[in-house]
Each structure stands twice: as C-alpha cells, then as structure tokens.
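Let's have the full structure, built from the sequences with the hints guiding it.
Going line by line, the protein sequences match chains A and C. Going letter by letter, the first sequence gives residues 3 to 120 in the numbering used here. Going letter by letter, the second sequence gives residues 116 to 227 in the numbering used here.
If you are wondering where the hints come from, they were derived from the structure by calculation, not from laboratory data. Please note that the accuracy of each hint is not assured.
[Unchecked claim] Taking lysine-lysine and the DSSO-like style, the derived pairs with C-alpha atoms no more than 30 Å apart in a straight line are: (1) K22(A) to K157(C); (2) K183(C) to K219(C); (3) K16(A) to K66(A); (4) K66(A) to K43(A); (5) K214(C) to K22(A); (6) K16(A) to K43(A); (7) K157(C) to K219(C); (8) K43(A) to K22(A); (9) K16(A) to K157(C); (10) K171(C) to K186(C); (11) K157(C) to K186(C); (12) K16(A) to K186(C); (13) K186(C) to K214(C); (14) K171(C) to K183(C); (15) K214(C) to K68(A); (16) K214(C) to K171(C); (17) K214(C) to K183(C); (18) K68(A) to K186(C); (19) K16(A) to K68(A); (20) K43(A) to K68(A); (21) K68(A) to K219(C); (22) K68(A) to K22(A); (23) K43(A) to K157(C); (24) K214(C) to K66(A); (25) K22(A) to K57(A); (26) K186(C) to K22(A); (27) K57(A) to K219(C); (28) K219(C) to K66(A); (29) K171(C) to K219(C); (30) K57(A) to K214(C); (31) K183(C) to K43(A); (32) K66(A) to K157(C); (33) K43(A) to K219(C); (34) K16(A) to K57(A); (35) K43(A) to K186(C); (36) K157(C) to K57(A); (37) K214(C) to K157(C).
[Claimed, not checked] Which residues of chain C face chain A? A partial, calculated answer using Cβ under 8 Å: (38) Y147; (39) K157; (40) K214.
Glycine is no exception: its CB is placed at the ideal position from the N, C-alpha and C atoms.
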Amino acid sequence: GAVVSQHPSWVICKSGTSVKIECRSLDFQATTMFWYRQFPKQSLMLMATSNEGSKATYEQGVEKDKFLINHASLTLSTLTVTSAHPEDSSFYICSARDGSRGRNSPLHFGNGTRLTVT
Amino acid sequence: GESVGLHLPTLSVQEGDNSIINCAYSNSASDYFIWYKQESGKGPQFIIDIRSNMDKRQGQRVTVLLNKTVKHLSLQIAATQPGDSAVYFCAEILNRDDKIIFGKGTRLHILP
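Given below as structure tokens:
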C-alpha cells in the first residue's frame with residue numbers, strides 16, 4: 003500500500019529556532035501534498051497545500067513566512083517552522099495523494115511530528 | 116483552517132456490539148467522502164470512502180452511508196473489537212479543489 007514517511011516523529015526546540023519537517027511518499031509520486039496541524043483532542047486543520055514545482059497555497063490565517071513549505075520533488079515536501087514559539091507547539095501531519103489516481107482518491111498520511119517549543 | 120473541532124465527543128460501545136458514528140458535512144458541493152481512523156500519536160488511517168453518486172458502500176466489517184439530502188455521513192462498524200478504539204474522522208473533498216477537509220471527529224471507546 004501507499005506509504006508516507008514523516009520525519010522526525012518528535013522534536014523539541016528552543017524559542018527562536020527553526021525546525022524542518024520532512025514528508026516523503028515512498029512508493030508513489032505525489033504532485034500534491036497537504037500539511038495539517040492538530041491540537042490535542044481536536045480535528046486536523048489544513049494549513050497549506052504543497053504543489054510540486056510551484057508555490058504552496060496557504061489556508062486563511064496561516065502565515066506563509068512562518069510556515070515555509072517546499073515541494074522540490076514528486077516524493078518530498080518539507081515544512082519549516084521558522085522562529086518557533088511555544089504557541090507553535092503542536093502535532094503536524096503531512097499527507098499525499100497518489101498522482102496517478104486522480105483527485106477522488108484518499109490521502110495517505112504520515113505518522114505526524116510532535117513539535118514542542120520550550 | 117476550515118474545520119476545527121472542539122472537545123471530541125465520545126461513543127462508548129460494548130465489545131462485540133455494532134457501532135454507528137455520525138458526521139454532518141459542510142458543503143453540498145462535496146463529491147467525495149472518506150472515513151479515517153486515528154490512533155493516539157499517529158496519523159489518520161484510511162478506512163473507507165464513498166463517492167457522491169452512491170448512498171452506501173461496504174467494506175470488511177465497515178459500512179458507510181451517505182445522505183446527501185441532509186448532508187449526513189455515517190460509519191457503521193460491525194462487532195466492534197478492542198482494536199477499534201480510536202478517533203474517527205469523516206472528511207470531504209470540495210469539488211472545486213483538491214482539498215480534503217476534516218470533520219470534528221468522534222472518539223470510539225470499546226468497553227470490555
């Protein structure tokens with residue numbers, strides 16, 4: 003089955019530093035990847051849509067300069083949380099759709115990254 | 116974000132009984148729906164999907180029902196097992212774009 007690998011699974015960083023999270027599709031090509039954020043006991047909130055070879059599309063209220071997204075290849079998207087603050091602490095989850103299956107196909111999710119900013 | 120849940124509702128079901136988890140989706144223009152299962156500390160896992168031209172679809176131990184008139188989706192799990200304990204999310208794709216938007220989620224708790 004389609005596998006999405008997300009790394010790291012958890013990270014602790016100090017305020018003011020930047021953290022990069024990687025999302026890889028291991029056995030399929032993903033022209034589009036999605037980044038979600040999830041607070042405890044809440045649903046997944048879409049942050050941005052990452053398109054291979056072009057700029058990401060951010061949801062309303064998500065700061066694009068704070069959450070930098072790069073989708074340099076058909077199998078890799080990265081999310082960089084810049085100048086992290088404690089309020090950025092959250093569970094970040096990436097997902098990808100198999101580009102060969104079209105839009106009406108399920109997203110495959112990574113196992114998330116638990117970010118804690120101290 | 117377009118969908119943020121607050122304080123997930125919990126459904127407690129006796130092991131072996133059937134579970135029904137409900138979801139109200141937001142957009143009448145959505146044409147594809149998915150149920151995901153999320154265990155603690157993990158990403159969502161695909162369970163079953165359904166297109167808007169269908170009203171029922173069955174998988175192994177799971178059935179999804181779609182009522183477009185009232186914008187309602189349900190997930191039925193037959194003979195629930197301890198491993199079914201998780202948070203279940205419905206998700207919809209808006210036909211104007213590729214985004215998958217998640218509903219609020221329901222925590223399923225299996226009683227021994």
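Hints, verified against the model:
For the hint linking K22(A) to K157(C), the alpha-carbon distance of about 19 Å falls within 30 Å, and the restraint holds. The straight-line distance between the Cα atoms of K183(C) and K219(C) is roughly 18 Å, inside the 30 Å bound, and the hint therefore holds. Distance hint between K16(A) and K66(A) is fulfilled; the C-alpha atoms sit about 21 Å from each other, no more than 30 Å. Of the pairs offered as hints, the one joining K66(A) and K43(A) holds, with about 25 Å between alpha carbons and a cut-off of 30 Å not exceeded.
Only pairs whose Cα atoms come within 30 Å are accepted, and K214(C) paired with K22(A) is accepted, the gap being roughly 23 Å. For the proposed pair K16(A) and K43(A), the alpha carbon gap of about 25 Å is at most 30 Å, so the pair holds. Note on K157(C) and K219(C): the hinted pairing holds, with a Cα-Cα distance of about 17 Å set against a maximum of 30 Å. Under the criterion of a C-alpha separation no larger than 30 Å, the hint pairing K43(A) with K22(A) is consistent with the structure, at around 24 Å.
Between K16(A) and K157(C) the alpha-carbon distance is near 24 Å, which keeps this suggested pair within the 30 Å criterion. Between K171(C) and K186(C), the direct Cα distance comes to roughly 14 Å. Compliance with the 30 Å bound is thereby established for this hinted pair. A hinted pair counts as satisfied when its Cα atoms are at most 30 Å apart, and K157(C) with K186(C) qualifies at roughly 28 Å. Between K16(A) and K186(C), the direct Cα distance comes to roughly 45 Å. Violation of the 30 Å bound is thereby established for this hinted pair.
Distance hint between K186(C) and K214(C) is fulfilled; the C-alpha atoms sit about 18 Å from each other, no more than 30 Å. Between K171(C) and K183(C), the direct Cα distance comes to roughly 11 Å. Compliance with the 30 Å bound is thereby established for this hinted pair. Distance check on the hinted pair: K214(C) and K68(A) sit about 21 Å apart at the alpha-carbon level, within 30 Å; holds. Distance check on the hinted pair: K214(C) and K171(C) sit about 23 Å apart at the alpha-carbon level, within 30 Å; holds.
This hinted pair checks out: K214(C) and K183(C) have alpha carbons roughly 19 Å apart, not beyond 30 Å. In summary, the hint linking K68(A) to K186(C) is not supported, as the alpha carbons are separated by about 36 Å, beyond the 30 Å threshold. Restraint check for K16(A) and K68(A): satisfied, since their Cα atoms lie roughly 16 Å apart, inside the 30 Å limit. A hinted pair counts as satisfied when its Cα atoms are at most 30 Å apart, and K43(A) with K68(A) qualifies at roughly 24 Å.
Among the hinted pairs, K68(A) with K219(C) is consistent with the structure: their alpha-carbon atoms are about 26 Å apart, no more than 30 Å. With a CA separation close to 12 Å, the supplied pair K68(A) and K22(A) stays within the 30 Å bound. Restraint check for K43(A) and K157(C): the C-alpha separation of about 13 Å stays at or below 30 Å, so the hint holds. Annotation: proposed proximity of K214(C) to K66(A) holds, straight-line Cα distance about 18 Å (limit 30 Å).
Between K22(A) and K57(A), the direct Cα distance comes to roughly 17 Å. Compliance with the 30 Å bound is thereby established for this hinted pair. Among the hinted pairs, K186(C) with K22(A) is inconsistent with the structure: their alpha-carbon atoms are about 39 Å apart, more than 30 Å. As the CA atoms of K57(A) and K219(C) are separated by approximately 29 Å, the hinted pair is consistent with the 30 Å bound. Straight-line distance between C-alpha atoms of K219(C) and K66(A) comes to about 25 Å, which keeps the hinted pair within the 30 Å bound.
Among the hinted pairs, K171(C) with K219(C) is consistent with the structure: their alpha-carbon atoms are about 22 Å apart, no more than 30 Å. Under the criterion of a C-alpha separation no larger than 30 Å, the hint pairing K57(A) with K214(C) is consistent with the structure, at around 16 Å. Restraint check for K183(C) and K43(A): satisfied, since their Cα atoms lie roughly 28 Å apart, inside the 30 Å limit. As the CA atoms of K66(A) and K157(C) are separated by approximately 25 Å, the hinted pair is consistent with the 30 Å bound.
As the CA atoms of K43(A) and K219(C) are separated by approximately 10 Å, the hinted pair is consistent with the 30 Å bound. Our distance criterion of 30 Å between C-alpha atoms is met by K16(A) and K57(A), whose separation comes to about 28 Å. Restraint check for K43(A) and K186(C): satisfied, since their Cα atoms lie roughly 24 Å apart, inside the 30 Å limit. Simply put, K157(C) and K57(A) have alpha-carbon atoms about 28 Å apart, close enough for the 30 Å limit, and the pair holds.
With a CA separation close to 21 Å, the supplied pair K214(C) and K157(C) stays within the 30 Å bound. For Y147(C), the interface hint holds, the least distance from its beta-carbon to any beta-carbon of chain A being 4 Å, beneath 8 Å. Hint on K157(C) holds. Least Cβ distance to chain A is approximately 5 Å, under the 8 Å limit. A hinted interface residue such as K214(C) counts as satisfied when its beta carbon comes closer than 8 Å to some beta carbon of chain A; here the least separation is about 6 Å, so the hint holds.
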